[in-house]
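Undergrad: Sequence:
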Amino acid sequence: MLIPHYLHQLKLCARNRTLTTAKSLHAQIVKLGIAQCSPLANTLVNVYGKCGSASHALQLFDEMPQRDHIAWASVLTALNQANLSGKTLSVFTSSNGLRPDDFVYSALVKACANLGTIKHGKQVHGNFIVSEYSHDDVVKSSLVDMYAKCDLVDSAKAVFDSIRVKNTISWTAMVSGFAKSGRKEEALELFRRIPVKNLYSWTALISGFVQSGKGLEAFSVFIEMRREKVDILDPLVLSSIVGACANLAASIAGRQVHGLVIALGFDSCVFISNALIDMYAKCSDVVAAKDIFSRMRHRDVVSWTSLIVGMAQHGQAENAMALYDDMVSHGVKPNEVTFVGLIYACSHVGFVAKGRELFQSMTKDYKIRPSLQHYTCLLDLLGRSGLLDEAENLIHSMPFPPDEPTWAALLSACKRQGQGQMGVRIADYLLSSFKPKDPSTYILLSNIYASASLWGKVSEARRKLGDMEVRKDPGYSSVEVRKETEVFYAGETSHPLKHEIFGLLKEFEEEMRRRKGYVPDTSWILHDMDEQEKEKLLFWHSERSAVAYGLLKAVQGTPIRIVKNLRVCGDCHVVLKHISEITEREIIVRDATRYHHFKGGKCSCNDFW
DNA sequence: TTAGGGTTAG
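Using the working numbering, you'd call the opening residue of the first sequence number 1 and step up by one each time.
Please note: incorrect hints may appear among the correct ones.
[As the list claims (entries may be wrong)] Simulated restraints, written as ranges between beta carbons of each label pair:
1. G418 to H396: 18 to 28 Å
2. S523 to M468: 36 to 46 Å
3. Q256 to G456: 34 to 44 Å
4. S451 to P405: 16 to 26 Å
5. H396 to K506: 32 to 42 Å
6. S134 to R356: 49 to 59 Å
7. K122 to G418: 20 to 30 Å
8. D365 to G97: 18 to 28 Å
9. H135 to Q256: 22 to 32 Å
10. K506 to N83: 34 to 44 Å
[Claimed, not checked] DSS-like cross-link-like pairs, simulated, lysine-lysine; straight-line CA separation at most 30 Å:
11. K602 to K534
12. K483 to K464
13. K437 to K536
14. K506 to K553
15. K214 to K483
16. K290 to K506
17. K483 to K435
18. K457 to K536
19. K498 to K435
20. K354 to K599
21. K534 to K599
22. K214 to K11
23. K457 to K483
24. K214 to K290
25. K435 to K354
26. K435 to K516
27. K157 to K122
28. K516 to K464
29. K229 to K415
30. K506 to K464
31. K536 to K602
32. K290 to K354
33. K516 to K506
34. K166 to K184
35. K23 to K119
36. K534 to K483
37. K197 to K184
38. K516 to K498
39. K483 to K516
Treat the hints as calculated values from the structure; they're not laboratory data.
A virtual CB, placed ideally from N, CA and C, is assigned to each residue, including glycine.
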C-alpha cells in the first residue's frame, strides 16, 4: 500500500510544481527502503524534472542500478523541461546504443526542436521512420512542432498529413507553424477546421500572427475569441496581444488590453507586466512603463531590460545607465539584450568610454559573446564620436561578415563627419559588390556621392533605388487625438481639414524661412523632377499633415504623438524641430526604426537616425 | 512516462 500512496503524492507534486514536498517525499522513500522500486524512482525523476530541478533528476538517474525505457524517457524529458536540451542529446548519446521507444523518440525530437538543430532532428526523424514505432502519432506531433520551429513549414505539413488520428495538439502545432511563418491564409484555414479548439489553439494562432508582424490579424482573431466567450484561464494569450499593441504602437488599444489584464486578475504576472512595460515604452509613454515597473513585486531580467531599452530608445541615456546600476546592485544578471540597449544608449549621447567599458564587461564579467548587433551598436558609437578609423577597424576585426545596417552605420558616420573620401570608398564597395536591400541605404549612398559631386554615381544609386521603388510601401502617419486615430498618407490632399492643415503648415514654413533661415533640403527626394515639385512632395509628407492636424485638434498643451510606417526624412526632422520650438509643444514620433521626442527645437535622437 | 500556446534587440 505504501507504493501507490507515494506514487499518488508524487503526482500531486508534479502537478503543483512543489519541489520542497517532492524532496521530503523522496527522503521518506529512501528511509523506508523502497527507493529501488522502479515506478517510484522513475516518477521521482519525472517530478524533479517538472519542478525544474534537472540536477536532482540527473543524480537520481545516475544512481539507478538498472534503467528501463521509462527511466530514460523520464530523464530526457526532465532535461528538456529544465531547458537543457543539449544535455538531453548528450545523455542519450552516452547510452551507447539504447534503442529508443516512442517516448524516447518524443523527448529527442523535442530536444532538437528546442535547440533548433535541424541536422540532428532529421537524423532522429530518419531513425524513427525505420523503427517499429514509425506510426506513432504522438511522435509525429512532436515532429510537426520541430519542423515548424526550424522554419521548415512544408516538412511540418507533410508529417502532419501523415498523422492518422489528429487531435487538438497536432492541429495546434501545425496552426502555430503556419501562423509564425506568416502564412496567414493557411493558418486560418487550418484553424477553422480544428474540430475542438481550446485556449492553446487560439493562443497559437494569435501569437503566431504577432510574431510574424501581423498585429491587426492577431487583433481580429482575439476579438473573435472574446466573442466566442473562450475562458482566458491563463495569461499567455494576453502577453501576445499586449505585444501586438506594442508593435502597432496602438496606445488606446494597449490601455484597453491593460484594463482587461487587470479585470482578469493577471496584473501581478511577471510575463504580462514585462509585456506591458514594453508596450507602454513602444507607445512612447515611458512614464507609464516606469509605473508598471515600479509596482512589480517580482522582477526578472526581462523587466529590467525592457525598461532600460525603452529609456535608451527615447533618448534617456542617463536614466538607462542609472537603472542598469540599480539592476546590478539588485543582483540581477544582465543578458545580451540588456547590453544592446545600454550600448545603444551610449551611442546616442556619445559616451565613448562608457560604451567600450560595457562592451568589454559583457564578455569579461558575464561571459556573453557579442553578437553582430553589439558590434553595430559599438560601431555607431565610435562613428558618431568621430573615431572613424577605429570604427572601420572594428568592422574588419569582428567575427561576423558585416551586414547592411553595419555598413549603413559606418556610412552615415562618414557623412556626418564630412569624411567624403572614406564615404565614397565604402559607397563604391557597397554599390559594386554588396547589393543593399534597404531603400534608405541608397538615399545615403546618393547623398554621399552628391556631396563629392560624383553625379554619375548619384544617378546610378537613384536608378537602383528606382528599380526597387515598385515594392515600396506608401508612407503614412497616424496621430491619436481625443481617443480617435487619424491616418494621413503622403501627398494626401483630400482631408476635410485640408485648408486648415495647409494654412498652418504654410505659416510654419514662412516663419522658419524668415527666422531660422530654413531652406527645404530636397536631397531627400530622389525622384527625377524639378525643385519646386520636390519641395511640394516634402511639404505633403504625411508626418507634417499629422502634426498639423494634432495641433489643430488635440487638447492644448498635450504632446502630439505620431506613428509613421517609414523613416522620417532629414527635412521633416528639421521641420519638426522648428515646429516644436515655434508652438512650444512636444511632438513624439515613432518611425520605422527610432523614436523622436521633439521639444524646444531639439530632438531626443540627437539628430542621429 | 511522450506531443501544442507567452515577455526584452533587430
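Undergrad: All hints are to be evaluated individually against the structure, with a verdict given for each.
TA: Hint-by-hint comparison with the structure:
1. For the pair G418 and H396, the supplied restraint of 18 to 28 Å holds, since their beta-carbon distance comes to about 23 Å.
2. At about 19 Å, the beta-carbon gap between S523 and M468 misses the expected band of 36 to 46 Å.
3. Separated by about 55 Å at the C-beta atoms, Q256 and G456 break the suggested range of 34 to 44 Å.
4. Hint check: S451 to P405, Cβ distance near 22 Å, so the stated range 16 to 26 Å holds.
5. Distance hint check for H396 and K506: the Cβ-Cβ separation is about 50 Å, which falls outside the suggested range of 32 to 42 Å.
6. At roughly 56 Å, the beta carbons of S134 and R356 sit within the given window of 49 to 59 Å.
7. Take K122 and G418: their Cβ atoms lie about 53 Å apart, and the range 20 to 30 Å is violated.
8. Roughly 43 Å separates the CB atoms of D365 and G97, a value that falls outside the hinted 18 to 28 Å.
9. Separated by about 48 Å at the C-beta atoms, H135 and Q256 break the suggested range of 22 to 32 Å.
10. For K506 and N83, the Cβ-Cβ distance of about 60 Å falls outside the hinted range of 34 to 44 Å, so the restraint is violated.
11. Taken as a hint, the K602 and K534 pair is honoured in the structure, with Cα atoms around 25 Å apart against an allowance of 30 Å.
12. Taking the CA atoms of K483 and K464, the gap is near 42 Å; set against the 30 Å cutoff, the hint is violated.
13. Restraint check for K437 and K536: satisfied, since their Cα atoms lie roughly 27 Å apart, inside the 30 Å limit.
14. The hinted pair formed by K506 and K553 meets the criterion: a straight-line CA distance of about 18 Å does not exceed 30 Å.
15. About 23 Å separates the Cα atoms of K214 and K483, which keeps this hinted pair within 30 Å; it holds.
16. A distance of roughly 39 Å separates the Cα atoms of K290 and K506; the hinted pair therefore is violated under the 30 Å criterion.
17. Of the pairs offered as hints, the one joining K483 and K435 is violated, with about 44 Å between alpha carbons and a cut-off of 30 Å exceeded.
18. For the hint pairing K457 with K536, the CA-to-CA distance comes to about 26 Å; that is within 30 Å, so the pair holds.
19. The suggested pairing of K498 with K435 is violated, with an alpha-carbon distance near 41 Å, which exceeds 30 Å.
20. Between K354 and K599 the CA atoms are separated by roughly 27 Å; this keeps the pair inside 30 Å, and the hint holds.
21. Proposed proximity of K534 and K599 is supported: the alpha carbons are some 27 Å apart, at most 30 Å.
22. Among the hinted pairs, K214 with K11 is inconsistent with the structure: their alpha-carbon atoms are about 40 Å apart, more than 30 Å.
23. Distance restraint check for K457 and K483: the Cα-Cα separation of roughly 48 Å exceeds the 30 Å cut-off, and the hinted pair is therefore not satisfied.
24. Under the criterion of a C-alpha separation no larger than 30 Å, the hint pairing K214 with K290 is consistent with the structure, at around 27 Å.
25. At most 30 Å may separate the alpha-carbon atoms for a hinted pair to count; K435 and K354 exceed this at roughly 34 Å.
26. At roughly 39 Å between alpha-carbon atoms, K435 and K516 are farther apart than 30 Å, so this suggested pair is violated.
27. Under the criterion of a C-alpha separation no larger than 30 Å, the hint pairing K157 with K122 is consistent with the structure, at around 15 Å.
28. Our distance criterion of 30 Å between C-alpha atoms is broken by K516 and K464, whose separation comes to about 35 Å.
29. The suggested pairing of K229 with K415 is violated, with an alpha-carbon distance near 56 Å, which exceeds 30 Å.
30. The straight-line distance between the Cα atoms of K506 and K464 is roughly 34 Å, outside the 30 Å bound, and the hint therefore fails.
31. The suggested pairing of K536 with K602 holds, with an alpha-carbon distance near 25 Å, which does not exceed 30 Å.
32. With a C-alpha separation of about 24 Å, the suggested pairing of K290 with K354 holds against the 30 Å cut-off.
33. The straight-line distance between the Cα atoms of K516 and K506 is roughly 15 Å, inside the 30 Å bound, and the hint therefore holds.
34. Taking the CA atoms of K166 and K184, the gap is near 21 Å; set against the 30 Å cutoff, the hint holds.
35. About 38 Å separates the Cα atoms of K23 and K119, which puts this hinted pair outside 30 Å; it is violated.
36. Restraint check: the Cα-Cα separation between K534 and K483 comes to about 34 Å, which exceeds 30 Å; the hinted pair is violated.
37. Taking the CA atoms of K197 and K184, the gap is near 18 Å; set against the 30 Å cutoff, the hint holds.
38. A threshold of 30 Å between alpha carbons decides the hint, and for K516 with K498 the separation of about 26 Å falls inside it, so the pair holds.
39. Proposed proximity of K483 and K516 is contradicted: the alpha carbons are some 35 Å apart, above 30 Å.
In summary, the numbered hints that this structure violates are 2, 3, 5, 7, 8, 9, 10, 12, 16, 17, 19, 22, 23, 25, 26, 28, 29, 30, 35, 36, 39.
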